[in-house]
Structure formats: structure tokens, C-alpha cells
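Asker: Sequence:
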Amino acid sequence: MQFMRYVIVWLLRLASRQDLPAKEQLQLPLPSEQPDVFRTLPEYFLEDIVDNFKFIVGNIPHIITPQQSDEIVQICVTFLRNSEYVKNPGVKSGLVTILYYGVQAYHNHARGLLGDLLIGSPFAHKHLLHALMKFYIEAESTGTHTQFYDKFNIRFEIFRVIKCIWTNTMYRENLAKEAAINTEFFVQFVNMIVNDVTFVLDESLSSFAKIHELTNELKSAAFAALDEEQKKEQTELLESEKGKAKSYMQLTRESMETLILFTETLANAFTMPEVVTRLAAMLDYNLDIMVGDKRTNLRIENAAEYEFDPKALLQDIIKVFLNLRDKPNFISAIVHDGRSYKQHNFTNAMDLMTTLQKLTMAPDEIAAWKSLAQRVARAAAELAQEEEDLGEPPDEFLDPLMSELMTDPVILPSSRTTMDRSTIKQHLLSDPTDPFNRVPLRIEEVVADTEMRGRLEEWKAERLVARRGEKEAAAAKAAAAESEAMDTSQ
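Using mature numbering (1 follows the signal peptide of the UniProt record, and there is no 0), the letters of the sequence shown correspond one by one to residues -17 to -1, 1 to 473.
Just so you know, these hints were derived from the structure itself, not from any lab. Warning: the hint list may mix true and false statements.
Claimed, not checked - Straight-line alpha carbon distances no greater than 27 Å define the calculated DSS-like cross-link-like pairs of lysine-lysine that follow:
1) Lys277 to Lys325
2) Lys160 to Lys214
3) Lys202 to Lys215
4) Lys37 to Lys117
5) Lys70 to Lys109
6) Lys160 to Lys277
To be verified - Here are the in silico distance ranges between beta carbons for each label pair:
7) Asp372 to Glu465: 20 to 30 Å
8) Arg322 to Thr433: 43 to 53 Å
9) His128 to Lys202: 30 to 40 Å
10) Asp347 to Gly321: 45 to 55 Å
11) Arg322 to Ala449: 23 to 33 Å
12) Arg(-1) to Thr218: 35 to 45 Å
13) Glu440 to Asp53: 57 to 67 Å
14) Arg399 to Gly321: 19 to 29 Å
15) Thr150 to Ala449: 55 to 65 Å
16) Ser189 to His128: 14 to 24 Å
17) Glu465 to Lys325: 31 to 41 Å
18) Glu428 to Leu366: 25 to 35 Å
All C-beta atoms, glycine included, are put in the ideal place defined by N, C-alpha and C.
My request is simple: use the sequences and hints to build the entire structure.
Answerer: What follows is the structure, encoded as C-alpha cells:
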């Protein structure tokens, strides 16, 4: 243990070029150019530290002293904050695992070995949240053959650490700063949370369907006729699907609970144009799954075995809606979602809130949901009226990817294609290329298509004036007919 402490301090000293341990705090980020003396070290120096402390923190945390805890936090945060210093993705994910184990309760320590330290440490306040967000994004592509599944384990552990530290308002303030100052980074982080929630809920439900099918097969006469090897394969496949369903459902709940914490504190940040469209679409989609026409598919045998609680999940979805209910652009984004928005889903949710005993919504939350449903209905009616007034738009004014009327047309520099700014922003979050020729592209490179915007605004104005004239003419004709009828009756 003492030797590993020396190695930790030595590695931090080499990487930071700072005289550690010292009175002044370790300064991050580390230099953009790695010191030669650190870059040429075999990575097993850090790997051994990670492997040892994963075991110790996870199994015998009581042997670690407060001083050692502080050093563990420093090395984990430092190399997550500056993950380019570490090439091995397994070592980087191991740093997250140490923090995750460190916030798990043991004996009389409700926040585990490291929870109180992470909540109270000025060093952690300053760097931990950014480090976790950074690695959450990087985990999308670790370079390993198992990266698709690895990222979900990593993100689950990150969510658990965030939930532990969220009681300290310093972390909330830091997230607000990230949203305001480092907007692109923040948007990328939120976009991945939204993608994960949509994917893992879908995968959970797909696994439930496969579990139901395989369970019936194992009870059938056809299964009894199989040889032992085939029976073993089917049984193992069923257990695999059960494991997947449970893992995906755990991540779904953790993702939603983290969104509740974030949106409760930072409603403005989560309704930025770069975020709100995807977030509203995800919430509409999940609400439709939970209360829509296909909700009977959620009737799962032994749901508790997979930690699937549909009432609790619906409650989480509703809470995110309510956290953002006062933001007009969120209301607009809900009704502009052409795939999943259905007004009757809001009514169905209201009915469930008032009839299901296990859906423990407070009276003020039920009233807030009713108010939200009414505002959404009005916005939907206004949108429908606007679409009716405008009629069928010319193809040149439609976004080439979404086939929707553009509002802020921009030109992509390499393909010279015009599309809506919001669409290309969403595309670039997951694929930093021009969608029409795969040339690398950054949002700063697009150019406002002022000529197209002028023609678009002119067309809209002409259509609305013409429609207003048609309505006035129809109203005048109806009034004249009514007047003539009155004269005839007299």
C-alpha cells in the first residue's frame, strides 16, 4: 500500500511537472504536450495502480487511510480529466470503476469510502464533473471489440458517482458553467444521454419479448425433444436475454434519474435549441411506450427480476416533463415531434396518475401535469392552424434530411447543399461530416443562406396574407348570407 502511494505521487509529479506533494493544489488540466519522461513510461505503472485499487476499494475499503483516499481521488480525476495521457481504454474505465466502488455503501459508511471526500474536496469540485462528462463522451468509442457494451457499464458507473455528489450545490453550479461556456461539449454530453435512454429502453423491451418467447419454447414439447446440447444452448440464450434486460433496465433508470437531477437544476440549459428537440422527442417516444396504444406490451412476468418497474419509470418521465414545463421552446419542441407526439398520451398519463396507487404523484404535480397538457394542446392547435394556413410548401424550402419546412437555412461548404441549421447541428453531434459527401465538417463552417431565408420569409408572408384574405372573404360571405336570410324571413 505504501509503495503504491509513492507510485501515485510519482506519476502525478511526472505528468504535471509540479512539485508534489506540496502545499498548493495539483493544477489541472495537465500540459497539452505530455512530458517525455511520462510519455515513455510503460503504461503498466498506472495499470498496476488501477488494478490494485479496484480490488481494494471494491472489497476491503476499510484498510485505506484518509490520506490514501485523497491520493486515489487525485489520480482518478487527473487521468480522466486528461484522458489523452492514457492509451489503454481498460485503464481509463478502471479509474471510473474505482470512483464507483468508492461511493458504494459499506458498514456504517452510507456514501462509501470516497463519497464524503468527493462531496467536500475543492479539487473534486473543480475537476470531477468535467472529467466524468468527458469520459462519458469518450466511452462511445473505446477502440475495443466490446466497446458497444463496455460504454453502458462505464456510463452506469458514472451516473452512480454523479448521483452521490449531486447533493453539493458546487457541482450544480459547475454543470451550469459547462452549459454556458463549453456549450458544444455540454450538448454532446446531453445528446448521448438522450440516445442512451432511447436505445436501452428499446433494447429492454425487445429482450422482454425474446424472454417471453424463449420461456414458452422451454415449456413446449419441441424443447423436450431436443438433445442435451441444444437444450443447453436454448437455456443459455434465455439467461443471456435476462441479463441483457436487467442491465439495460438499470441503465434506463439511472439515465432518467440523472436527467431529473439535471433538468430540475438547469432547465434553461436543457431547453437550448441544440438540445431541446432531441430531448422532447425522446420524452414523447418514451411516454408513448409507457401509456400509448402498445402499453400492454409492458406486462412482463417476474418484472422485478429485471428491475423493471413501469410505474416508477413513468413517474421519472413525467418528472422530467414537469421540470421543463415553463419553457415555451420545450412546449414547441413537443408538438413539433411528428413521430411520437400524441395528445391522448398526456390524457392517459393523467388518468394513470390519478388512479394508480403506486404512482405517488403529489397533488401539485398532478395539477402541473394538467396545466402542461393544456398548454401542449393549445400549441398543437396553433401549429396545425399555421400548417393549414401555409399549405404545402415548395420542395426548395424543405430540409433535405427531415422534409420539414426550414426556419434557419444554411449552406454546407463542401457539398453546397442548403439545409436547416438545427438539422445539421443534430447530425454533427454523432457524425462530424457533411451528410451528402462525408467530408469532415464543423458547425462553425456552415454559412447562413440569407438569399434562401429571404425567399422563404417572403413566401410565408404571402401565404399568410392570402389565407387571411380567404378567411375574411368567407366570413363576409357568411355574414351576407345570414343578413339575406333575416331579410327574407321578415
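Asker: Determine for every hint whether it applies to the structure shown.
Answerer: Hints, verified against the model:
1. Lys277 to Lys325: 13 Å, holds
2. Lys160 to Lys214: 56 Å, violated
3. Lys202 to Lys215: Holds - the C-alpha atoms of Lys215 and Lys202 are around 14 Å apart, at most 27 Å.
4. Lys37 to Lys117: 21 Å, holds
5. Lys70 to Lys109: This hinted pair holds, its Cα atoms lying about 24 Å apart.
6. Lys160 to Lys277: Violated: Lys160 and Lys277 sit about 41 Å apart, past 27 Å.
7. Asp372 to Glu465: 20 to 30 Å: Holds, at about 25 Å.
8. Arg322 to Thr433: 43 to 53 Å: 31 Å, violated
9. His128 to Lys202: 30 to 40 Å: With a Cβ separation near 36 Å, His128 and Lys202 satisfy 30 to 40 Å, so the hint holds.
10. Asp347 to Gly321: 45 to 55 Å: The hinted range 45 to 55 Å is violated for Asp347 and Gly321, with Cβ atoms some 32 Å apart.
11. Arg322 to Ala449: 23 to 33 Å: Given a distance of about 31 Å, which is inside 23 to 33 Å, the answer is holds.
12. Arg(-1) to Thr218: 35 to 45 Å: 57 Å, violated
13. Glu440 to Asp53: 57 to 67 Å: For Asp53 against Glu440, whose Cβ atoms are near 59 Å apart, the range 57 to 67 Å holds.
14. Arg399 to Gly321: 19 to 29 Å: 28 Å, holds
15. Thr150 to Ala449: 55 to 65 Å: 58 Å, holds
16. Ser189 to His128: 14 to 24 Å: Given about 22 Å between the Cβ atoms, the range holds.
17. Glu465 to Lys325: 31 to 41 Å: Since the Cβ atoms of Glu465 and Lys325 sit about 38 Å apart, the hinted range of 31 to 41 Å holds.
18. Glu428 to Leu366: 25 to 35 Å: 32 Å, holds
In terms of the numbered hints stated before, the structure departs from hints 2, 6, 8, 10 and 12, listed from lowest to highest.
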